[in-house]
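Trainee: Please arrange chain Y on chain G, whose structure you already have, making use of the hints.
Chains as they are written, first to last, in the working numbering: chain G, 1 to 282; chain Y, 283 to 553.
By construction, these hints were calculated from the structure, which means they are not laboratory data.
All the given hints hold, so there is nothing to weed out.
To be clear about the criterion: a stretch of chain Y counts as covered by chain G if any three or more of its residues have a C-beta under 8 Å from a C-beta of chain G, and this derived list gives those stretches:
#1 350-363
#2 367-378
Not everything, but these chain G residues come out facing chain Y in the computed CB check (under 7 Å):
#3 C63
#4 A70
#5 T98
#6 G100
#7 V103
#8 L122
#9 R123
#10 P228
#11 K253
Just so you know, even glycine gets a beta-carbon here, dropped at the ideal spot from N, CA and C.
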Amino acid sequence: VGKKVQAIYVWWHKPVIDQELLQSLPNLKVIANSGVGMDHLDLKLIASFGVKMANAPRAVSSCTADTGMALLLASARRVVEVHNIAVSPNMEYCEADTLGVKVAGAALGIIGMGNIGYKIALRAKAFEMNILYHNRTRRKAQEEQAVGATYCEKIDSLLQQADFVMVVVSLTPQTRKLIGKRELELMKPTATLINISRGAVVDQEALAVALQTGGIRAAALDVTYPEPLPRDHPLLKLKNVIITPHLGIRTDKATYMITEEAVENILAALNGLPLPNEVLPS
Amino acid sequence: MWYHKPVINEELLQSLPNLKVVASSGVGIDHLDLKLLSSYGVKAANTPYIVSTDTADLGMALMLASSRRIVEGHEMAVSPDTEYFPADWLGAEVSGATLGIVGMGTIGYKVAERAKAFEMKILYHNRNQRNKEEESAVGAVYCKKIDDLLQQSDFVLLAVNLTPQTRKLIGKRELELMKPTAILINISRGLVVDQDALVEALQNKVIKAAALDVTYPEPLPRDHPLLKLKNVIITPHIGSATKKTRWVMMEEMAESIQAGLAGLPVPREVL
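Extracted from the complex, chain G is given alone in its bound form:
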């Protein structure tokens, strides 16, 4: 059976691609990933077996940007908390428990202004938000103007000014624990952190402390490390945290499009043609 396999479509990080598997599949030509993040794959190892890799960047960007906005709004207006109040058997509540944060006129700091980050900026602009961004490279002037975004060369500047901090980077050795104790302390006590990148980009223990001590106002996390979190993790108990089950691309439409993209890449590889979305080990 091993000799027949020419392509693998990795769905939610499975199967695990390791030395053993690669050795058992001598005719493997391509691995296509169901999503854009490649941090779960050992790119150098796979390349060393002469196997090509592809991700699905186009399919995920709008959907993930929507998730970022959904979490920003849900956190700002305390949707989960107030829903629980509205359906609770106990009718007593304090109006102060339902007061949220105004989004219009607030500053959104986007960390990671790739395809997804930029789509978030487009959406946030329509909400009359002021946009700051931090990225490895600066975007073109036209792109900045189209969304009214101001570049922050230093992440500190963004963290100090933003009312909402949205983390949209890919996970690399450089972005691991990008948001730690120091970064959380630079943020406003009224600020909200939204993470739609990877759990490991945030120092979770530092985040729990910041949330408990009023270092920041609230957090909304579509990603954690691990997923799901252990059931006794402090983040699960905090009122000012929304956690969602990595639903960034979990829609019918995105699932379909991701699979279409993967098939496109697989067929290209099997036919010896260039891959539309090849990922090379950097």
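Mentor: Chain Y only, in chain G's frame:
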């Protein structure tokens, strides 16, 4: 006047001979008997524009929360029983979907401005058609018949005010015209929707889900079926509930009251 209290009736007005002005929080005035107030020489004022942006934001928040199943997802993520996230757990995409706005006033239009950034196709139904510039600025298509809007929309958002004409605007007939995959969002008034018909439609999968910032009454009785449905998000009438907006509302109400007491023209008077 805060959240429709105290109730202004004949008895109260007779007991307050020197009452000059009633300042009501928010934009809705369906709870005020304007003819009655006028007959007692009492002026009424609301706080119309300041609430629009936050209410539009909440409409978008509810649409996104409902389509992507944020409340359910959070419950799964924090539940003591969760061991893993199932691979087939999916929501519905907002980007590129069709949004039907019923009531394209200030709030409805702000919703359209926001929805456009999500590359949504926007349909709207209103007493009057908006002008061409306004329509093309948000890419909105007018539906003279509400039926056309209901049949084509993936999301139906209600942003009308409550009048005798809009009472039970969305009933059994309207819900059956909607797609079975459609989501209803109500940020107007509970009475605009026939709640019993809505419960039935949700239970029988006539529509997919609902997100309601308003109900009738508020709050609902604790044994109401809407509280138990997994595909319903309810928020306790928080359209204007942000610190900044509430602050301005208070300032505006105080300003209207002071003008009324001084015999000056009342800002934001409702006639």
